[in-house]
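Participant: Protein chains in written order, with our numbering: chain B, 2 to 329; chain P, 5 to 275; chain H, 409 to 709.
No lab work stands behind these hints, which were simulated from the structure alone.
There could be a bad hint or two in this list.
So the derived label-pair ranges between C-beta atoms look like this [to be verified]:
id	chain 1	residue 1	chain 2	residue 2	range
1	P	Phe263	H	Phe477	36 to 44 angstroms
2	P	Leu203	B	Leu17	25 to 33 angstroms
3	P	Pro184	B	Asn87	41 to 49 angstroms
4	P	Lys17	H	Gly687	40 to 48 angstroms
5	B	Gly27	P	Pro184	19 to 27 angstroms
6	B	Ala21	P	Phe263	27 to 35 angstroms
7	H	Pro532	P	Leu64	50 to 58 angstroms
8	B	Ser41	P	Ser178	44 to 52 angstroms
9	P	Leu203	B	Tyr130	31 to 39 angstroms
10	H	Glu578	P	Ile255	44 to 52 angstroms
Under the rule of at most 30 angstroms between Cα atoms (straight-line distance), these lysine-lysine pairs were calculated in the DSS-like manner [to be verified]:
id	chain 1	residue 1	chain 2	residue 2
11	H	Lys544	P	Lys145
12	P	Lys32	P	Lys145
13	P	Lys17	B	Lys14
Since this is a predicted model, take the numbers as computed values, not measurements.
The C-beta atom is built at its ideal place from N, Cα and C for all residues, glycine as well.
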Amino acid sequence: MKRPSFITWEQLKVGLLIAAALAVIGIAIYRLGQAANLFSRRYELLAYLPNASGLQAGGVVYVAGQYAGTIKSIDFLPVDNDTLRNLRVRLAIDHALQDQVRSDSKAKVRTLGLLGDKVIDISIGTPRYSALRDGDTIAVAPSLDYEAVLAQAAGAVNDMVDLTHDLRQITSSVVEGKGTMGQLLTNRALYDQFVGTMSRANAMLARVENPNGTFARLLDDPTLYNRFVSVVTSADSLVIALNDKNGTIGKLLRDDTLYTHIVGMAIAGDSLMKTLSNGQGFAGRLLNDPALYDRINKLTTDLGAILEDVRKDPRRYTRGVICVFRCK
Amino acid sequence: MPAFLTRLNDAAKSKILTLQEYFVLAGKALRFIVARPFYGQDVVQQMDEIGVKSLGIVLLTGLFTGMVLALQSSVQLKTFGASMYIGNLVSASMIRELGPVLAGLMVAGRVGSGIAAQLGSMRVTEQIDALNTLGTDPIKKLVTPRLLAALIMLPVLTIINDFVGIIGGNIIASLVVGLPSAQYWRTVWVQIASDGFALRYIPNDFIQGLTKPIVFGGLIAITACYFGLGTTGGTEGVGQSTTRTVVTSSILILIVDYFITQLLLSVLTYG
Amino acid sequence: MADRPRVSEPDHDRRSGDVGPAADERKSAAVRHAIRSELAVDAPKDDAHAAKRASETSIVELQHVSLAFDVPIIEDISLITREGETMAIVGESGTGKSTILKLVLRLLVPDRGRVLIEGEDITPLSFEEALAVRQKMGMVFQGAALFDSMSVFENVAYPLREHTDMNDDEIEQRVREKLQFVDLDPDRVIDQFPAELSGGMRKRVGIARGMANNPRIMLYDEPTSGLDPLTTGTITRLIMKLQRELGVTSLVVSHDIRAVFRMASKVALLHDRRITFFGTPEEMAGSEDQYIQDFLGGFTT
Ligand SMILES: Nc1ncnc2c1ncn2[C@@H]1O[C@H](COP(=O)(O)OP(=O)(O)OP(=O)(O)O)[C@@H](O)[C@H]1O
Ligand SMILES: [Mg+2]
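Whole structure, please, built from the sequences with the hints as guidance.
Facilitator: Written out as structure tokens, the structure reads:
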């Protein structure tokens, strides 16, 4: 077939149409090249992941959220005990970004975009660390397990809901003046009292804090405590002894002979009272004679002194003399 | 054998024969692309017929498809507060699906019917026999140029369809949503880029968007030629062949589209 | 598929056949007389000429050929055409005359029997080999079958472009020559398209195309049907001229008994799926067979 020596309009139209399509493709490739750094040199980094979480070869790699390259391949590693390195992901990254990605950069699987595309996002390194080179391995930051986060969040949210519910009830009753808290907030008198109490308590506390005061001593001095302990101990043994029916007090509590004696005594006391009110005899005079009173008064005072002494050292008087408790 | 079984048997045989003839025709037509003589003038003429003369309808369908896509997606995306993603949606749907399929359907309607009618009337007026008699293989002379022209022009039309569609989306995005053109186009490129690349440089979307029209072009040309050359029964037969061509090739386009998509989605790795 | 094209005759072809029992009855006595006189004048001259030229080599030969589409069309047909002969095939409409030509062209393959072209059996040939064999033959189709997407020039030039290394000037020269040969004015028709031509012009362009490559064998399928008597005469003379001047072997299918008797050296009558008569026009005219007499329109009785 010979080539026609002239060009027909038809041929030209066809050619123009094809040229237009090629031009569109050309523009698209150029713009894509800008958008995706199509024509830049790339270098390769490796990342080891426990789980690709939906990443795919051909997928996108970002550096600091900017398009930087693609995932070249994702391969399974042989099974071993290291469950954090199940997959090896080869990343092809724009050479121009090599300086940004350093040995402290971290690769992270992220979900992006409208359709939830999975991408690898690499954080930018710091100058203290060296830039990663072709074939180096980049550290992987654990990505949040989305589902786990969701599950936890659900529990927390439920708790929060309950809490706010309770809180609302409380605050509403408080505001309405119900209950102590409500009164506290709404009742002026209570407040005043409280303030008064507080100031008094303050004063009291000041006195308590006075190092020479009893309270302070009480607070500071361990001897009192020790003594208290021993008192409690002896009180304890006292109670036991009281319960012993052979002891005097035991008898006192259980034997009614003493009661009859006392009744008899009360009758006798009754007749005695008649005699006394007459001013006769010693007792009558005791009641009516002021001199006797003075003497008895003095006697009582002395007796008080003795009793004081007894209190200080009971044993001086009681040892072997009074056998109230468990005399054996 | 019962009569109905015989009929079933005959029907099955004729269906398989049809299929076989279809593939034999396709195989021969493809083989002749590289065999001499090469009917260059016929190819160019068919390219004009298929490509240039279909440009008008393709421009119109592309533009309005892109516009309606943008309109629909703007409503949908607004509810998510994602109106700035109109570009992504329009470009992905146009390039991957609607561009190829709509261009295919348009060409099936316009060109497929034309081819079937032309070859059909050539058949009934013995022009096919005349070709044979004059020592020309009608497949080489008639089918191969149409096939080659369709294989070339359908991708061309699809590219233009896609482009015009995305422009239509741009118009609607800026008119209705107020999305700045620069923003729209940025999302278009980002979408294509984020769908990944095969062999580093070839966008997956382009592979999908161009494989389909090539296949559709072949489908339309072979179907039209098959029915056209197989025409019997005079002028009425020509009409039947024309109708069958349009129906069959349109259905085939939609069915084959599904399988190509599935195949490419598993072969290409989408980001 | 194109290997075995199933050709259906367009209806109008059958209707336009100008010879049938009805048409025959309408034929005037003058025409019948003319036929008789032509038989007397032309036939012996052609016969002598053919006898001088004809060698014993068979150019087109059918041996026990049978073909069925849905029903049997032809059964056990044998025919032989020797070099330089013009053989006419006559018969009723729809008996399979065109089918025989298509068998000769290997556009159809016989169910049984063999077809030989210049002694070579073309039945087992592959499609590509058949293409080569067909180049020995020029075919004029019943409806001309011009390529209507091409101009007259391109139609006639088609076989030259396809199969020769002729340059554009040579091709144009040859096209003009052939158009002149069929009595067409090259300057007038060369840029016209088939749709713009009359039926007779189309037929003549078809003949020009068929013989553009100077084939040794010409096949004509009803070259004169639907044409006025003058054009019919022109075309008949043309076929004879070709045979006489170039020694072309011809197969002519025709209903036009008058034209057949003018140009044929042998006539084959196809009737009821078989060849019921095969001989010279004189033998046919003198046949006692009632069907043949009916077919000839009774003018010989
Ligand atoms: N492709 C085909 N498929 C089925 N039947 C066919 C086919 N071609 C021809 N026939 C049938 O074969 C028979 C012979 O057809 P053919 O064209 O040879 O007739 P013909 O003798 O040329 O008739 P005419 O004089 O009208 O041209 C017809 O009955 C026709 O219906
Ligand atoms: Mg016929």
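Participant: All hints are to be evaluated individually against the structure, with a verdict given for each.
Facilitator: Here is what the structure says about each hint:
1. P:Phe263 - H:Phe477: 36 to 44 angstroms: Check passed, 38 angstroms falls within 36 to 44 angstroms.
2. P:Leu203 - B:Leu17: 25 to 33 angstroms: holds (30 angstroms)
3. P:Pro184 - B:Asn87: 41 to 49 angstroms: Given range 41 to 49 angstroms: holds, Cβ gap about 45 angstroms.
4. P:Lys17 - H:Gly687: 40 to 48 angstroms: holds (45 angstroms)
5. B:Gly27 - P:Pro184: 19 to 27 angstroms: holds (24 angstroms)
6. B:Ala21 - P:Phe263: 27 to 35 angstroms: holds (30 angstroms)
7. H:Pro532 - P:Leu64: 50 to 58 angstroms: holds (54 angstroms)
8. B:Ser41 - P:Ser178: 44 to 52 angstroms: violated (31 angstroms)
9. P:Leu203 - B:Tyr130: 31 to 39 angstroms: holds (34 angstroms)
10. H:Glu578 - P:Ile255: 44 to 52 angstroms: holds (50 angstroms)
11. H:Lys544 - P:Lys145: Status holds; Cα separation ~20 angstroms.
12. P:Lys32 - P:Lys145: holds (12 angstroms)
13. P:Lys17 - B:Lys14: Judged against 30 angstroms, a Cα distance of about 45 angstroms means the pair is violated.
Violated hints, listed in ascending order, are 8 and 13; each of the other numbered hints is respected by the structure.
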